[in-house]
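Just so you know, the protein sequences line up as chains A and B, in that order. Here the first sequence is numbered in my numbering, starting from 1 and rising by one per residue. Here the second sequence is numbered in my numbering, starting from 1001 and rising by one per residue.
Rather than coming from a laboratory, the hints here were simulated on the basis of the structure. Using N, Cα and C, we set each Cβ at its ideal position, and we do this for glycine too. Every clue listed holds true.
Here are the in silico distance ranges between beta carbons for each label pair:
# : chain 1 : residue 1 : chain 2 : residue 2 : range
1 : A       : SER40     : B       : GLN1062   : 51 to 57 angstroms
2 : A       : PRO266    : B       : ASP1081   : 41 to 47 angstroms
3 : B       : VAL1033   : A       : SER40     : 24 to 30 angstroms
4 : A       : HIS138    : B       : VAL1033   : 28 to 34 angstroms
What the simulated footprint calls covered on chain B by chain A, stretch by stretch (three residues with Cβ under 8 angstroms from a Cβ of chain A suffice, anywhere in the stretch; the number is not a length):
# : region
5 : 1014–1023
6 : 1071–1085
The chain contents come next:
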Amino acid sequence: MSDRVDPPMAMLAELTHRCPLACPYCSNPTELTGKERELSTEAWADVFRQAAALGVLQLHLSGGEPASRRDLVELVAAAREAGLYTNLITSGIGLTERRLKELDEAGLDHVQLSLQGVTAAMADRIGGYKGGFDRKMHVARVIADIGFPLTLNAVMHRANLDDLQATISMAQHLGARRIEIACVQFQGWALINRAQLQPSRAQVDVAKAAVAKAVEELRGALVIDFVPPDYYSDFPKACMNGWGSTGLNVSPDGTVLPCHAAETIPQLSFENVQDLPLSEIWYNSPAFNAYRGTDWLPELCQTCDRRDIDFGGCRCQAMAVLGNAAAPDPVCRKSEGRAVLDALLEQDVHEIAAPEYVYRR
Amino acid sequence: MMQREDVPFLPRGVRTCFDRVRETEVLLGPERVLMLDQVGVAVLGRLDGVACLSEISHALSQVYDAPLDVIEPDVMAFVQDLVEKGMVHVRPR
Ligand code: SF4
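Take these sequences, add in the hints, and give me the full structure.
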């Protein structure tokens, strides 16, 4: 481990795994945590206070669907009381006008609304929830009326990447300040549906050009963040901005993870906030220290000028594709693992008829 | 393009706060944390929703006893950058 460890800036609190939607690209683990094992209101409030004391500034309340927690308003109030900038990541399902007003009073800072598609037909097919799109549009209007700053979070894949322009227009139409256009990342449940979700190279090229144009045209009016599909990149992303460097995740039962998907790495074991203080886990747990910094990186990365840019990429992707969490991310063109990734990609885009989605239920 | 007469302000969902752990002022907004230096603190401290960019530059040039033609481009660039990040909004006077 190299030099000193900085305090974390952001925490993702996965309040629950329960969710009314059934998106085939869900990145939550294939084994979900049941309601009976979720942390209590008071336990979460304590985690928020510990996080703030540790140096966390931004809290993302996520799930599953965080609105499935009956105590969501109390949790937001507790987070604000702890001094955290509080962001709600939601599909909108389960948020009534009354509840949104209560969240406003509780001090919620920002709402990030997911978008499964720009038409009811597409959105409800992807979400596997009939009527979901209409409810989401209603929620978006209430959000605008209250005045919450809004980010639209559009997950893009083969079936909807061609609707990119309409997706950006929808963000403007709904009064969003920001849009996150994230191409599906293959983690958790999404891996099961990789072949159906993988866009084609032609789709990706068109999308990239469209995004570049929109960024210019809408500068100052709409912030556009684009996450391109990994498999079509030459070099990996700086996953989590470096393992154990900036952020941490707390899962519904209080397990503390260096990233959302870290539990897919079988040789790591993770601590729980019910057993240990958060700061102890952040600074000293073997799981957080396993891939921290760059000292652990293989020779290929040690001698590469991108070492301090991408830190070798995503550990969970190396695990999922290569079965070795300590290998360079297989997205990297310089790595041996790239051949494996290319073979998967080849298979994905040449499936004669992509099989049906396997919904997350 | 932003004008000198435009009035900058922090929109809802963007706020400054003192980070006790890092002992520095920060600007918090949707998916963003910006650590502020002395200049940043001085400029943002003057965003009261009334003063225009030109007035803010004038005030700072007096406080720091620095020529306006040095201060103003810095203020404009700083605010423009935050506008593009969605952290500051401007309205015409
Ligand atoms: S060799 Fe390692 S550091 Fe260099 S680009 Fe590939 S993954 Fe990143």
